[in-house]
Amino acid sequence: MFAARAPKAALGAKGTISKLNGPRPEQPHSHHHNISSPKASKSTHTSSTSLSSTLVVNHAPAWRTLQEDQDETMHAEKASHSFAVGDDSLYYNTRKTIVALFGPLPREVEEALAKTDFYSEPMTAKVDVDAGYGVVLSKSKCYIWAVQKSATYRTPPPCYTLPMPPNSLQSIEASVVLPSVTITNSDDHYSGLLACSPDGTCWYWDNIELSVSNSDKHVDAKINLMQDDHISHVESAGPMGYYFATKQAQVHQITVKKQYGAAYLVAKQLSAQAGGKIATIFNMIGMGQAPDTTQKMVSLTSGPKLHDPHGRWELFSMTRRSLIKWQLPRSGDPAFEVDIPLSDQITEKVILDLSLRSAFGRSPNVRLLDVKYIRNGKLLVLASFFESHIQDDKTPLTYGLITLSSQYGKEYEIDSIKYIRRATEEDPRPEAAPKLVVPHGGPRVFIITPVSVMIKSTEAGSDFEEILPLSNDRIIGYGSEDWRQRSQQSIDESEREISLVCRKSGLLGINVGIDNAPNMTIEPETEEEYVTTQLLAKLEQAVYYGNKQYNPISFDLTLYKEGDLNKASLKVNEEILNSHSGHLSLTGDMTTRLRERFLKAQSIIDSINRYKMLGFLSLDTRFKLCSSAEKLSAASVLWRQYQLGLASKERSKESKALLKQVLRDAVDLIDHKLAETKADDLATLFLKYDVEKLGILLSNLHLAAGKLKNVSDSLREELTRDINSLIILSLQNAWNYRVKNINKYNLKDGGYNVEPWTANGHLINALTAQYRRTLAACKASQASNGSSMDIDGTETEFEFTHVDSELKDQLYDLADVALQANSDRLAYLENLPLSADNEVSKSQADKDYENAKLALLGPLVGFKDTQPAKKLAEKYNDFSTLVRLCKGDRAMLEEYISRYQQHFADALFKYYIDQNQLSTLMEHGDQHSVLFTSFLDKTGHDDLAWLHDIKIKRYAEACHKVGRVARQEKNLDHRETALSLSKLLLLAEDHTDPYLLSSLDSGNGVLAALDQDLEFATIQKLVTDEWGNVVRGIETLEYKAEMVVDNCGSSLLVEQPNLREALMKSARTLLDREVLGSEDLLDILMVQQKREIENMDVADVALGICMNAADIPDNRRDQALADVWRRIYLDGSEEDAFWKLSEANDIEVREKLMHTWMARAYSSIYAAGGTKDDWLLDPEFGKCSLKEEVFRERFQGGSRSYKLMMQDYERENTELERRIRQGDLLKKWRRCKEIVVENAKEAERDLKESLAEVEVQEEGRDVEMEEDEDL
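Numbering (the UniProt record's numbering), first residue to last: 1 to 1271.
Any given hint might turn out to be false.
[Claimed, not checked] Computed cross-link-like contacts, PhoX-like style, restricted to lysine-lysine with a CA-CA straight-line distance of at most 25 Å:
#	residue 1	residue 2
1	305	258
2	870	887
3	938	847
4	567	748
5	660	693
6	378	418
7	1183	1233
8	1233	1152
9	842	875
10	222	258
11	296	268
12	748	842
13	660	808
14	953	938
15	875	864
16	709	653
17	149	548
18	693	656
19	1227	1248
20	418	435
21	1187	1203
22	268	257
23	571	656
24	740	612
25	910	953
26	548	808
27	1021	983
[Claimed, not checked] If you anchor each label on the Cβ, the simulated ranges turn out as follows:
#	residue 1	residue 2	range
28	746	895	52 to 60 Å
29	707	472	55 to 63 Å
30	919	1096	40 to 48 Å
31	1072	707	53 to 61 Å
32	592	914	52 to 60 Å
FYI, nobody ran anything at the bench for these hints, they're computed from the structure.
Everything numeric in this text was worked out from a predicted model, so none of it was measured.
Even for Gly, the Cβ is constructed at its ideal location relative to N, Cα and C.
Modelling step: build the complete structure from the supplied sequences, incorporating the hints.
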């Protein structure tokens, strides 16, 4: 509804605006700021502002070198060459686009806009930069105020109101159409106003300033319209006059003329045919030609003056279907030149371009929206179309920018099409159609909709595109310099490039620098990467400008949800963390800068949460973002504490110098390059660029302090206090931030795979070392004062000096932060994926945590004030320390047992066991029986647990535990007693239990196992008792053992020195009434060659031990069985071994064989009825296998060599082979088995006969008794 007027030699508003009520923008209430493009970075414009702070806006790359930031003077020089915009006025600032607030709207306009309904009462606006006016238009009023493109203001400017010509049209469509208004110029260099209502009524004011007091004095004219037609567009074509277009594509020229000093208007219609004779006749009688009703006017624009002898101008009107061109000569009638079916041509081009991406079921429904004249004699057309099969009101529209060119005066043709990536929905309200703005004729292009600004470049090869959506505001108008009516040299692109008039925000300025902008942070190669670059830019803007109270721009990240939010957020976070962002302030002290960076780092997650995109972030990314904010928060506290230390008047110069030296050395340990800069304060540089390594800095403070030489004790003590303060306050602040914001980052469930910077192993070690140094300082200080610290649990009281008291308090805090660090590390490792390495690390961290509790909280138990230690022990569940702190306080013990249940009870019971307070333990065990039972079941204190089990009548459990105690008992008598008790407890258990009954009845059951263990213990005791009778009277154990071994019956023992030495050791063990291993016991039983001990068959017992003893490994059990049978076969003298079967009769053979050990052994096996057949080995299988690994496993170590032992066993194999070959051992063995079987069968027959005789005798007695009874 507006047209910009032609520029004058001097802006008329500048000299006459003082007639308006109120101050001008350049008066004291105004603040002049320039918003510049890269091309204007060297401009000499200056800024005069009273804003509290300013932000230098430039298009330098976001990364800066270290040397640049070290030289603040250089930064100040850079700032002086840039245009400053108040920080509170800057709403958007990427490397290419800047948006700033230039001032509010007049109050009258704000009130009118607040009341209007844009469906029925639309309003629109125009900023005429060349004339210096802003205009807001309604159906009945026109609000005008003065504007300047390089000025900002804070207070609403004054304005005045002009009435608009009445509209007599009653149709629904025409009733919501606004008047068409343009600002004019006169030869007197004053600005006028020409307004035309939809029905063609024109009012003209020759001087806007003079019309303020007499708005009714205007010049009138009337444009005759066809039925159902109305005025819809206006265009100013410089000296060629003003052109009004109608809905039905009719164009009318209005010329302002003067006669005798008075202005009047001349109206005529442009001809739609070449020559224009018919149009002239119709105009003479006040009627227009019959319109083409199939078309509707959408845009009207003009070009610059053509460089030809006639001084012609060009006028273009665009309908929904076609583009029409007129030539406007200085004299004569405008000439119709060409009518191009543009819609059809664009449709064909769009279908061809998109055929590979979208197969249209029907036409894409191309709609022509706007046209603008651009540089090089070309036209730029904005069109929309559907890129889908579904085409309804809710289907998003895709936009295209079509460049038209005409060569040699021929018809315009499509040069290229650039498509807008972002689709939008159409706004159906009046005055809401997208508008095309091309400042300076390009290459920057703005597409203005009521709720967004899309920015595009027309340059070939450029893919620049940016969208600025509004969140809670509406764009009602815009304006820019009219480049067409001035030379290119007079265009200043450093000024505001485009102005926006917003309903709520006021007047905004936008400047875009495409040509000299740096490359993107992330170079896009794929569509996802391209969207990621846009997402990165939008997130960056949201972080720095999204929190401003009146910022109308929407930083909606969901528009770019196809991008990688993890990559984008981490990049923004990195630039904030390391001070690489160009949006950060270059001025201000370190405290202010750290605070700013902290808030911006926190704003990353706030911005993501604001648009509900937290789910697009991985858990690790969320944790990294939280860690960065933690570091900046901790760094702020560290810096503040450091500055307080340096500024303290109570501190000596030496103390301050030490603090600075330690911090400098700590930084130097991280990065020697910083030290090479020779800066006065390395801490400042570190906190600027390396705050990511804050954890390392805190770790290095301890190391740096330890390297100091020739420092007095008092200064070192004070330095320890200062370092403690830096460490404690920094870490506490970091943890407080994490805890407070755990829901914001959604970290409550843990599971991240990123090591917390507060849980680094080096930091944990440094904290522990600093704790020890502080503890040592406290001890030394107390010793120098003639007292000693009580850290062992006694009740000594002591006083502290001021420093000592602070050190003591810091001791608690150091223990706190060190344990928190250990806890963090353990929690992190527990969430890592399962792997062997992770399990080892987790196990080690668990041990380190428990050890840290003991090392850090243990010394605190001795302080008189136990409350801090109790709080720490409760916080970290250090129940061992809590038990120590409860010493002698039964009520506190009961309170903790009630609160912590099993956890505290376990620590309490363990303490009593460690202190050997068994009576107290059993007392508490009785009182808390369930807890005590659980503790004993977990910890395996069988020596105590069985007593408790008996008390609570768990006899089976007591049986098992006594059995385990018995098997671990080394004393023979104690073992036998324990096994007997175990058997008794088993028998005392409830025998109605089916499982217990099965275990009692089964040969492999509990009772059978107990019987075997008891039998083995009994055998050893019997052997020992028998030996006691032999060695009675001998004093030394060595002599006793020697006598026992000498009495062994093996004839080979004299040739087996290593076996004899082993038997000596076993004999000493038994004689000392200690339990002997089963294999060693078998050697003793078999080598001494006694067939019976206390009526026990040694062979049967030995075979039972061999097959059932639990302490014989399975890989040696076969060898043990062979050892038993080999020594059975080697029994007897040479005469007994080598007699021949052929030399004796059967009676002699029976007699000799039945006296052998092998006959006795076989008899016991045969008597078992086949259950012991697997115990049997024939002579040829009784040889020792001589497997080296078996001998190494059993005999390695001590004075015994397994290789020498193998030689002794080889002698037994040799002797056995000799008896087989020379002594008929195999034949004797076979005959021996036959005799045993025969004797057994004969004994069975005899038994049966005896039983039969007894039965006959009993029957006879029964008969006699019956006869006696009868008598």
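Tested hints:
no. : hint                      : in the structure
1   : 305 with 258              : holds, 24 Å
2   : 870 with 887              : holds, 12 Å
3   : 938 with 847              : holds, 18 Å
4   : 567 with 748              : holds, 23 Å
5   : 660 with 693              : holds, 19 Å
6   : 378 with 418              : holds, 15 Å
7   : 1183 with 1233            : holds, 20 Å
8   : 1233 with 1152            : holds, 13 Å
9   : 842 with 875              : holds, 21 Å
10  : 222 with 258              : holds, 17 Å
11  : 296 with 268              : holds, 20 Å
12  : 748 with 842              : holds, 21 Å
13  : 660 with 808              : holds, 24 Å
14  : 953 with 938              : holds, 19 Å
15  : 875 with 864              : holds, 20 Å
16  : 709 with 653              : holds, 17 Å
17  : 149 with 548              : holds, 23 Å
18  : 693 with 656              : holds, 24 Å
19  : 1227 with 1248            : violated, 32 Å
20  : 418 with 435              : holds, 16 Å
21  : 1187 with 1203            : holds, 10 Å
22  : 268 with 257              : holds, 14 Å
23  : 571 with 656              : violated, 38 Å
24  : 740 with 612              : holds, 20 Å
25  : 910 with 953              : holds, 23 Å
26  : 548 with 808              : violated, 46 Å
27  : 1021 with 983             : holds, 18 Å
28  : 746 with 895: 52 to 60 Å  : violated, 37 Å
29  : 707 with 472: 55 to 63 Å  : holds, 59 Å
30  : 919 with 1096: 40 to 48 Å : holds, 42 Å
31  : 1072 with 707: 53 to 61 Å : holds, 59 Å
32  : 592 with 914: 52 to 60 Å  : holds, 56 Å
Figure legend: structure checked against the earlier numbered hints; hints not met, in rising order: 19, 23, 26, 28.
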